[in-house]
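J.: Each chain, written out:
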Amino acid sequence: MAVQLRNVRKSFGTVEVIHDVSMDIAAGEFAVFVGPSGCGKSTLLRTIAGLEDTSSGQISIEEQDVTWTEPAKRGVAMVFQSYALYPHLSVYENMAFSLRLRRASKREIEEKVLEAAAILRLEEQLHKKPSQLSGGQRQRVAIGRAIVRQPKVFLFDEPLSNLDAELRVQMRLELARLHKQIGATMIYVTHDQVEAMTLADKIFVLKGGIVQQSGRPLDLYRDPDNRFVAGFIGSPAMNFLEGTVTGREGDLTILEVDRTEMVARIDATPAPGTSVALGLRPEHIRVGETGLPVRMEMAEELGGLSFLHTRRPDMSEIVVEWRDGEHARMGETLHLACSPDKIMVFDTEGHRMR
Amino acid sequence: MAMITNRRRDVAVAMSLIAPFVVTFALVFLYPTVRMVLLSFTDAPLIGNGHWIGLENFKRLMSDRLFFTSLKNNGYFVLLTVVPTTALALAIALTINRLKGALQALVLALFFLPYILPVSVVTEIWMWMLDFQFGIIQPLFASLYGKSIPVFKNPYWVMPTVAAVTIWWTNGFNVLLFIAGLRNIPQDFYEAASLDGATRWQMFRRVTWPLLWPVTALILTLQLILQLKIFDQVYLMSKGGPFNSSYVLLLMVYREAFQLNHGGYASAIAVVLFVVIMVVSVLQFQLLRSRGQK
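Protein chains in written order, with the UniProt record's numbering: chain B, 1 to 354; chain C, 1 to 294.
Derived by calculation from the structure, the hints in this document are not laboratory data.
Careful, some of the hints might be misleading.
Cβ pair distances, simulated, as ranges [claimed, not checked]:
hint: 1; chain 1: C; residue 1: Ala180; chain 2: B; residue 2: Asn162; range: 33 to 43 Å
hint: 2; chain 1: C; residue 1: Leu140; chain 2: B; residue 2: Glu110; range: 48 to 58 Å
hint: 3; chain 1: C; residue 1: Arg8; chain 2: B; residue 2: Leu173; range: 48 to 58 Å
hint: 4; chain 1: C; residue 1: Tyr76; chain 2: B; residue 2: Asn162; range: 48 to 58 Å
hint: 5; chain 1: B; residue 1: Asn162; chain 2: C; residue 2: Phe25; range: 38 to 48 Å
hint: 6; chain 1: B; residue 1: Asn162; chain 2: C; residue 2: Leu94; range: 23 to 33 Å
hint: 7; chain 1: C; residue 1: Leu110; chain 2: B; residue 2: Ser11; range: 32 to 42 Å
hint: 8; chain 1: B; residue 1: Glu297; chain 2: C; residue 2: Phe21; range: 52 to 62 Å
hint: 9; chain 1: C; residue 1: Leu94; chain 2: B; residue 2: Ser37; range: 47 to 57 Å
hint: 10; chain 1: C; residue 1: Ala102; chain 2: B; residue 2: Glu297; range: 53 to 63 Å
hint: 11; chain 1: C; residue 1: Phe204; chain 2: B; residue 2: Glu110; range: 24 to 34 Å
hint: 12; chain 1: C; residue 1: Ala102; chain 2: B; residue 2: Ser55; range: 55 to 65 Å
hint: 13; chain 1: B; residue 1: Gly38; chain 2: C; residue 2: Arg8; range: 26 to 36 Å
Model, not experiment: these values are computed from the prediction.
For every residue, glycine included, the Cβ atom is placed at its ideal position computed from N, Cα and C.
Looking at chain B on its own, in the form it has when it is part of the complex (with noise of 0.2 Å):
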């Protein structure tokens, strides 16, 4: 395992931030931790980089106990969310800045740094200074910065979240791109679900310090484990039925949602008068003369498909996926249904029921 985490705590003060995270990080893999501000993140990055001291459990790297050791010497290198480009030298000098310090020979600094800007394409930017840069090349130079150093593991905290949104999509590609090249471990923090689902071996999905679930991004959006990982993963994200369940006919649990009769396929057999809450994700809806009455109020038209939101009775919303040419009219009543083997039920806790 490159980095194992056992029994992780973190506090400030008396505010526990990071409650008791255990998890394994396998050599090469690019994993990721998601999930919303304040989960906890970007704390348990940082924990793992040594710029925060754990509280309790046990940080290996490479199979050694590092939870003491200074940042330094734990073979890690981190990109900043602001990138920490030192402004006051050229780009050459921040991405030889380790170096320098190390007293690295002039050879081998040379080396190193033309060796990382050119898998960055950054040859031609070397002379200047970071405040003559783009965006996009900043980020590129904290990222060589962090190449020259040839860690164990990659950190990466929310950094391409001070790019436009176009910069971000081809950063994404960039990165994805550069872990096949170099093959390291890295480990990404973001909280955005999209940068989570494309460049992820492993994702982690956190919230409240808890790692809610992990596993490699299509098992989290098919088998979601809970509520929150089944919202939080998808987008756009998936739609939340209340309902209660009525009986079941053989491994069918039949369910009511708004007077109208729903069934799923699951193994757990919930009594009948079970409050439950129904997933259904947005392009397993289909548009049909029977099923869940709703109300057209609008359509979010992408080309090739779009997004209709309707309106519940009780006026809460349902998105729902449409590729099949003209769609409803707004104020229109349409009729939706599921199949069986889509529908995920989860109890009153959030937990699913499989």
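Model the placement of chain C on the given structure of chain B, informed by the hints.
T.: Chain C only, in chain B's frame:
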């Protein structure tokens, strides 16, 4: 048409907004300065007209030994204060910056406190503390040198003493400027440096110092201007003595103008000091700035 009227109105508004400053500046700075320069070419007394005597006053200056003594003392005082006070302020600011919360505010306030005292109070405090017979610092001198030292009566001690008092009095402001500069350096830089394995000294040498340089250059320049204008402390503590060993240019201006009624000659000295301050401070600032950009 409307456009033109609007433009005219804009100009009128702009004029009326800067007018108070322009008028005040002209009245209390520009006019007196021009008058002073003109006066320096005459043999006028402090009040009343004199005769135009061309460069006579400046020629006389060149053979006035007190003028050169004063000029030398001004330079000596600058050497004793400008760099030492800046270095001290930086050291104090770095220390305070590492304190946290209320303690930090308290220590900063303690260092800043002398700055709000009027100069006469400052000199009174120090003259009392340094009094040859009763001063509470004299036992320290006695233990170091074996005897008390009459610092204001000793030609070797008087300037360094005035310099020390001046630094004690004005240092708080420089500390404040440095603290403001230090707070402007993002914490990320230090975290990035610590991940890169920088020691405390390397962080200071490679991050803090270069990023603080603009503030340092500003403080050095402000101090240079301020300390070239030394007058109050010398006037209050040593009156230029002993044997003119703490005589400075402004003291000479004061004596020539207000005690000997030589308005023209005093103006000539003031003009020289004015030119010296301008040239030296502009030169220094340019020099420091170019060093910063390297």
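J.: Are Ala102 (chain C) and Glu297 (chain B) spaced within 53 to 63 Å by their CB atoms?
T.: holds, 55 Å
J.: Could you tell me whether the CB distance from Leu110 (chain C) to Ser11 (chain B) stays inside 32 to 42 Å?
T.: holds, 33 Å
J.: Do Glu297 (chain B) and Phe21 (chain C) keep their Cβ atoms within the hinted range of 52 to 62 Å?
T.: Check passed, 59 Å falls within 52 to 62 Å.
J.: Within 48 to 58 Å: is that where the Cβ-Cβ distance between Tyr76 (chain C) and Asn162 (chain B) falls?
T.: holds, 52 Å
J.: Please check whether Gly38 (chain B) and Arg8 (chain C) have a Cβ separation lying inside 26 to 36 Å.
T.: violated, 56 Å
J.: The hint says 23 to 33 Å between Asn162 (chain B) and Leu94 (chain C); measuring C-beta to C-beta, is that right?
T.: Check passed, 30 Å falls within 23 to 33 Å.
J.: With respect to the beta-carbon atoms only, verify the hint that Leu140 (chain C) and Glu110 (chain B) lie 48 to 58 Å apart.
T.: holds, 56 Å
J.: With 55 to 65 Å as the target window, see if Ala102 (chain C) and Ser55 (chain B) comply at their CB atoms.
T.: Taking Cβ atoms as reference, Ala102 (chain C) and Ser55 (chain B) lie about 25 Å apart, which means the hint is violated.
J.: So does Asn162 (chain B) sit 38 to 48 Å from Phe25 (chain C), Cβ to Cβ?
T.: Roughly 44 Å apart at Cβ, these two residues keep to the hinted range, so it holds.
J.: Looking only at beta-carbon atoms, does the pair Arg8 (chain C), Leu173 (chain B) fall within the given range of 48 to 58 Å?
T.: holds, 56 Å
J.: Determine whether the Cβ-Cβ distance between Ala180 (chain C) and Asn162 (chain B) falls within the hinted range of 33 to 43 Å.
T.: violated, 25 Å
J.: Does 24 to 34 Å hold as the CB distance between Phe204 (chain C) and Glu110 (chain B), or does it fail?
T.: Check passed, 26 Å falls within 24 to 34 Å.
When the structure is compared with the earlier hints, violations turn up for hints 1, 9, 12 and 13 and for no others.
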